[in-house]
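These protein sequences, in sequence, are chains A and B. The opening residue of the first sequence carries number 1 in our numbering; numbering runs sequentially from there. The opening residue of the second sequence carries number 1 in our numbering; numbering runs sequentially from there.
No lab work stands behind these hints, which were simulated from the structure alone. It is possible that part of the hints are untrue.
[Said to hold, decoys possible] If you want a taste of the chain B side facing chain A, the calculated C-beta under 8 Å gives, among others:
hint, residue
1, Gly97
2, Val146
3, Ile150
Glycine residues also receive a C-beta, built at the ideal position from the N, C-alpha and C atoms.
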Amino acid sequence: MRSLIGAKQQKWLLLAPALTVLALISFVPFVKTLWLSFSDSEISALPTVVSFIGLENYIYALTDPDFISSLGRTLYFTFISVGAEVILGVAVALLLNQQFKGRTLMRALIILPWAIPTIVNAVTWRLIYNPDYGALNSLLMQLGIIGEYQSWLGDPDVAMNMVILADVWKNFPLVAYVALAALQTVPMDMLNAARLEGANAWRRFFKITLPWIIGPLLVIIVLRSVEAFRVFDIIYVMTRGGPANQTKTASFYVYQEYFSYLRSGSGSSYAIIVALISIILIYGYYRAAKRQNGSL
Amino acid sequence: MHSTIKRPRYLSYLLYLSLILLAFFVLAPVLWLLLMSLSSPTDLTKVPLQWIPSQWDFSRYALLLDWQNGSGERFLAAMLNSLIIATSATVIALFAGVLAAYAFSRRNASMLLMFAFLATIMMPPITYILPLYSAFSELGILNTKVALIICYCAMLIPFAIWLMKTNIDVLPQEIEQAAMIEGAGTFYTLRKVVLPIILPAIGATAMLSFLTAWDEFFYALIFSSDLSAKTIPVAIADFSAGRVTDFGVIASVGVLASVPPVLIALFFQRFIVSGLVGGSVKG
Numbered sequence: 001m002r003s004l005i006g007a008k009q010q011k012w013l014l015l016a017p018a019l020t021v022l023a024l025i026s027f028v029p030f031v032k033t034l035w036l037s038f039s040d041s042e043i044s045a046l047p048t049v050v051s052f053i054g055l056e057n058y059i060y061a062l063t064d065p066d067f068i069s070s071l072g073r074t075l076y077f078t079f080i081s082v083g084a085e086v087i088l089g090v091a092v093a094l095l096l097n098q099q100f101k102g103r104t105l106m107r108a109l110i111i112l113p114w115a116i117p118t119i120v121n122a123v124t125w126r127l128i129y130n131p132d133y134g135a136l137n138s139l140l141m142q143l144g145i146i147g148e149y150q151s152w153l154g155d156p157d158v159a160m161n162m163v164i165l166a167d168v169w170k171n172f173p174l175v176a177y178v179a180l181a182a183l184q185t186v187p188m189d190m191l192n193a194a195r196l197e198g199a200n201a202w203r204r205f206f207k208i209t210l211p212w213i214i215g216p217l218l219v220i221i222v223l224r225s226v227e228a229f230r231v232f233d234i235i236y237v238m239t240r241g242g243p244a245n246q247t248k249t250a251s252f253y254v255y256q257e258y259f260s261y262l263r264s265g266s267g268s269s270y271a272i273i274v275a276l277i278s279i280i281l282i283y284g285y286y287r288a289a290k291r292q293n294g295s296l
Numbered sequence: 001m002h003s004t005i006k007r008p009r010y011l012s013y014l015l016y017l018s019l020i021l022l023a024f025f026v027l028a029p030v031l032w033l034l035l036m037s038l039s040s041p042t043d044l045t046k047v048p049l050q051w052i053p054s055q056w057d058f059s060r061y062a063l064l065l066d067w068q069n070g071s072g073e074r075f076l077a078a079m080l081n082s083l084i085i086a087t088s089a090t091v092i093a094l095f096a097g098v099l100a101a102y103a104f105s106r107r108n109a110s111m112l113l114m115f116a117f118l119a120t121i122m123m124p125p126i127t128y129i130l131p132l133y134s135a136f137s138e139l140g141i142l143n144t145k146v147a148l149i150i151c152y153c154a155m156l157i158p159f160a161i162w163l164m165k166t167n168i169d170v171l172p173q174e175i176e177q178a179a180m181i182e183g184a185g186t187f188y189t190l191r192k193v194v195l196p197i198i199l200p201a202i203g204a205t206a207m208l209s210f211l212t213a214w215d216e217f218f219y220a221l222i223f224s225s226d227l228s229a230k231t232i233p234v235a236i237a238d239f240s241a242g243r244v245t246d247f248g249v250i251a252s253v254g255v256l257a258s259v260p261p262v263l264i265a266l267f268f269q270r271f272i273v274s275g276l277v278g279g280s281v282k283g
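For reference, chain A alone in the conformation it holds in the complex:
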């Protein structure tokens, strides 16, 4: 009995450092943001009287068309980015799972985009997209695809998709690696049997391979979605939310509410709404991970 109590105390002793950091740096700030979201607090050098205003911020936020459209844009970014990363990632994994000379080299090569820091990625693509001297303009012009230089990040209709392309380039390797690892567990005899029975490559992929790798794939899909939903850095560097707010995502919106307009109360309510949507995604991750590992 004594050793049992000892074990329990040991458990908390082992957890103490992690628990302390996370409580102070994540949990307490979250609760404080939640509290601020019900107040009319503002960031100010002078002491101000903060009053509790109930749901007013939330009502304002949910009837603010600019905020709602920034949420819509964030969902668009998340959905298209992650969707493209999954399709490209799985296609690349299938490719790198074939036998060919230089396979090890190619598998090593695709870690490159993932290793490049996010900000460097954003800056690189901004230079590539440059309207006056950018590489994309020059390349497409020399190939005869466009007649004159385009302002890729200056056109409200295409800017977001160009940012998405940059994000896909950086993040598809992660999906590819997960898919590749999963592909190596697909039983060959099942595929060979299907082949002998005359199932073509598409059929074999959708009936055998995909169901086999969907578990790990689902985990990475939700994980990437959680990340994509809070996108900030790449937007900050490439477009600062422009042109005409067409790339202003929710995180960027909240950032401006805090640090440009100094409205901490209303900004916090925006942040909490974004957090709630994240929580739905996080729950999705929990379900996917639980299904995959059985342990969580």
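Position chain B relative to chain A; hints supplied.
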């Protein structure tokens, strides 16, 4: 795959064509960044572009690697800050992470708590930033490396616990039990029995943690304002937004800032990929 079935010729062509396209897609932006950093300003402003520099220009690298001038000082100070912050946060996160992972693996700490830990890093940082800002301001540690190290620890710990836990889970418990029966305490057992076995996993976790910290932008943007704490991602954003009109300078900063993570990723590729994938594909 150990397929012995011979591929039809047209499929071989298709395969190699796809591989060439993939290699181009992956390499082109990186090569272009490198070329920009080595092209003269006149080559970079030609329409259409002068792809291969008419003369190689190494002057930006000389400029950036020299503490004596403004750009060099800004760049080198930021690199040094990033190095200090990412390394410190990694070391602290690994320490806290291994201990907690052991609690989850061997002392029946609740999995719900594990998930709560993971959930904290999945939340958008905008939900933490403002209270942290006020707290750091009251503590007088805004614009210090310490503030960023603390934030990065919170960011890295859950991830480190998860990776360490999946590695400790698969270890046979017999050796630890034997050590305990011999009278060794938990911490002694952890240090002398468990740690040596999971050293490769700790290595992988350290690399991934370092890369994550090196990459972080949002906290660094908000919490640092000058050379004493600015990290390399913030410095790059400054360079690209500032008065610098020469693309070559921006490209050179990007190349140099990518060197540490790219080297780590290439040298420890096997480790890192297994670490990355470990959490999602059951081993």
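Satisfaction of the Gly97/B interface hint, Cβ to chain A closer than 8 Å: holds (7 Å)
Interface restraint verdict for Val146/B against chain A (beta-carbon cut-off 8 Å): violated (12 Å)
Interface hint status, Ile150/B versus chain A (Cβ within 8 Å): holds (6 Å)
Comparing the model with each earlier hint shows a violation of hint 2 alone; every other hint is respected.
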